[in-house]
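If you read the protein sequences in the order shown, they are chains A and B. Per this note's numbering, the first sequence runs over residues 1 to 254. Per this note's numbering, the second sequence runs over residues 1 to 232.
No lab work stands behind these hints, which were simulated from the structure alone. Honestly, I wouldn't trust all of these hints.
[What the hints assert, rightly or not] A partial selection of chain B residues facing chain A, derived with a Cβ cut-off under 7 Å:
(1) V23
(2) S25
(3) L43
(4) G52
(5) V55
(6) L56
(7) T84
(8) L108
(9) F149
(10) T150
[Stated by the list, open to error] Restraint-style ranges between C-beta atoms, simulated for each label pair:
(11) B/V200 with A/A57: 21 to 31 Å
(12) A/H45 with B/P148: 47 to 57 Å
(13) A/A57 with B/A58: 34 to 44 Å
(14) A/G2 with B/A45: 20 to 30 Å
(15) B/L185 with A/G2: 29 to 39 Å
(16) A/R52 with B/L155: 35 to 45 Å
(17) B/V200 with A/V20: 41 to 51 Å
(18) A/G2 with B/F62: 31 to 41 Å
(19) B/L31 with A/E60: 52 to 62 Å
(20) B/G14 with A/V20: 18 to 28 Å
(21) B/L146 with A/G2: 50 to 60 Å
(22) B/T44 with A/E54: 54 to 64 Å
[Claimed, not checked] Residues on chain B that point at chain A, a partial pick, calculated with CB under 10 Å:
(23) N19
(24) V33
(25) F88
(26) A113
(27) Y204
In this text, a Cβ means the ideal position worked out from N, Cα and C, and glycines have one as well.
Each chain is listed here by its residues.
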Amino acid sequence: MGIDVFTLIAQIVNFVVLLVLLRVFLYRPIQRVMHEREQRIADEHAAAEEAREEAEARAEELRREREAFEEERRERLAEVEREAEELREERLAEVREEAEEARERWREALERERDELAGEVREGAAAVLTDALQRGWRELADEDLQTRALDVFAGKLRELGDEERAALADRARAGDLVFATAFEATDEQRETLLRAVREGLLEDEDAAPEAEFERDPALIAGVTLRAGDLRVGWTVRARLDDLERAWTGTGNDA
Amino acid sequence: MTLSPDTIEIFSIGPLTINATLVFSWVVMALLVAGSWWVTRSLTASGDIGRGQNVLEAVVAFLRDQIREVTNQDPEPYLPFVGTLFLFIVTSNVLSVVPGFQAPTGSLTTTAALAVCVFVAVPVFGIAKLGLRAYLMNYLRPSPFLLPFTIIGELSRTLALAVRLFGNVMSGSVIAAILLSVVPLFFPIIMQAFGLLIGVIQAYIFAILAIVYIASGTELQERRARAEKETP
């Protein structure tokens, strides 16, 4: 067991030859292929990284676009809601106005119907009442009532206001006086009326006013004095008319 | 029982005797070269690679990783040398289970030749990387008086490298032969399998030690060069 020099040198040569051959047939091609694959993988990795960065950039861009879109959507939604609210308010006002108009029309129609009905009722009731009163007063009316009515008339002349008294006095001086009585006035009653004119209007005992006398049964009882467009007096007819107006007015208020 | 294939003479060419060591070394070389050629003739850089290419790429990648870990340098310059060492030794050791095959690594001459190659490669790589002057200055540091010891260290580790591989491979063969004569059935098979494992480990150790020696020379020089530059 020793070292053979020839074999030693031959083995060294063998090793060098093997080194060269393996370098040619093994290491270079294998490493070239491995480098190519590593390069390809690196390229693919770089491409993937680039694609990832592009995807991230695109995702970021999309995110910004989505945020902008969302903001625009919110704004438009708010605008639409505002417009809808305005439209709703407008429609509501219109409907409310229409309803108010309809209700007003309905109320007017109802009031009209009610007024018509009430008017009919009042008119009927007034007619019945005044008719009954007329019949009552006609049954009660007599000369004494007429005399009493003349006294009341004389009192009313005395209670006239200055302006109205002055106007009537002017008419009396001009002889433009017309007395209307429910019954044919007696001379005494005519004298009573003229005296009332002298004392109440003219305030002159010596005056001799001229007047016309006429009979108006519609007055039922009492007397009226007409002087142009002026009129003063006390009649049952006037009281009944007042009563009817008062009745009708009460009915309207009700 | 032959302890070394050097003693087995195959044929002679004049005064030159061709022994089994050389012949089986050529066989191993032929197998490696032919196998490499066969696999690398249809290499592809795509992801769909053949089984042979896959094995070779795994071996090359393994060697590159080992070299990178040990040297902390680019493995490309050292890969052919260290890879050839590993492939030659591991192929020789693995083929030793083939009946009639005499592993060249079972010859002290072969392991010595490989150790001489390492012995030569260390200064070659060192000079190639650092330059002749810087490399030779390494032997004079830290003191010129240590030059004999440095030279003795270089020689002794080369001798140890050769004897370690030879001893392990030869001992495996010897043990197998002895057991074969004592316990001819079953047990030698286990020892042969064990020898395969040892053979692969020894190839790995030889290759790693080679790269450690190479790296220690280059790194040491680099560290000293950096230290000299940093020292005002």
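Outcome of the hint check:
1. At its closest, the beta carbon of B/V23 sits 11 Å from a beta carbon of chain A; the interface hint therefore is violated under the 7 Å criterion.
2. With a least beta-carbon distance of about 5 Å to chain A, the hint placing B/S25 at the interface is held under the 7 Å criterion.
3. The interface hint given for B/L43 holds, since its Cβ lies 5 Å from the closest Cβ of chain A, which is under the 7 Å cut-off.
4. Look at B/G52: its Cβ only gets to about 11 Å from chain A, farther than 7 Å, so that hint breaks.
5. For B/V55, the interface hint is violated, the least distance from its beta-carbon to any beta-carbon of chain A being 10 Å, above 7 Å.
6. Proximity of B/L56 to chain A holds as hinted, the smallest CB-CB distance being about 5 Å (cut-off 7 Å).
7. Contact between B/T84 and chain A, as hinted, is supported at the beta carbon level, the nearest pair being about 5 Å apart and thus within 7 Å.
8. Given hint, B/L108 at the interface with chain A, holds; its Cβ is 6 Å from that chain's nearest Cβ, closer than 7 Å.
9. At about 25 Å, the closest approach between the beta carbon of B/F149 and any beta carbon in chain A exceeds 7 Å, and the interface hint on this residue is violated.
10. Because the closest C-beta pair between B/T150 and chain A is about 24 Å apart, greater than 7 Å, the hint is violated.
11. For the hinted restraint 21 to 31 Å between B/V200 and A/A57, the CB-CB distance of approximately 52 Å leaves it violated.
12. For A/H45 paired with B/P148, a C-beta distance near 54 Å keeps the hint of 47 to 57 Å intact.
13. Our hint of 34 to 44 Å for A/A57 and B/A58 holds, since their Cβ atoms are close to 39 Å apart.
14. Hint check: A/G2 to B/A45, Cβ distance near 49 Å, so the stated range 20 to 30 Å is violated.
15. A hinted range of 29 to 39 Å holds for the C-beta pair B/L185 and A/G2, which are about 35 Å apart.
16. Range check, A/R52 to B/L155: Cβ separation about 58 Å, and the 35 to 45 Å hint is violated.
17. Between B/V200 and A/V20 the CB atoms are about 25 Å apart, so this pair departs from the stated range of 41 to 51 Å.
18. Against the hinted window of 31 to 41 Å, the Cβ-Cβ separation of A/G2 and B/F62 comes to about 35 Å, which satisfies the hint.
19. About 59 Å separates the C-beta atoms of B/L31 and A/E60, a value consistent with the hinted range of 52 to 62 Å.
20. Our hint of 18 to 28 Å for B/G14 and A/V20 holds, since their Cβ atoms are close to 26 Å apart.
21. A beta carbon spacing of about 32 Å between B/L146 and A/G2 contradicts the range 50 to 60 Å that was offered as a hint.
22. Hint check: B/T44 to A/E54, Cβ distance near 30 Å, so the stated range 54 to 64 Å is violated.
23. Contact between B/N19 and chain A, as hinted, is supported at the beta carbon level, the nearest pair being about 6 Å apart and thus within 10 Å.
24. A distance limit of 10 Å between C-beta atoms decides the matter here; for B/V33 the minimum to chain A is near 5 Å, and the interface restraint holds.
25. Taking 10 Å as the C-beta cut-off, the interface hint given for B/F88 holds, the closest approach to chain A being about 6 Å.
26. Because the smallest distance between the Cβ of B/A113 and any Cβ of chain A comes to about 4 Å, under 10 Å, the interface hint for this residue holds.
27. The beta carbon of B/Y204 is not positioned within 10 Å of any beta carbon in chain A (closest approach about 18 Å), and the interface hint is therefore violated.
In summary, the structure is inconsistent with hints 1, 4, 5, 9, 10, 11, 14, 16, 17, 21, 22 and 27 from the numbered list given earlier, while agreeing with the others.
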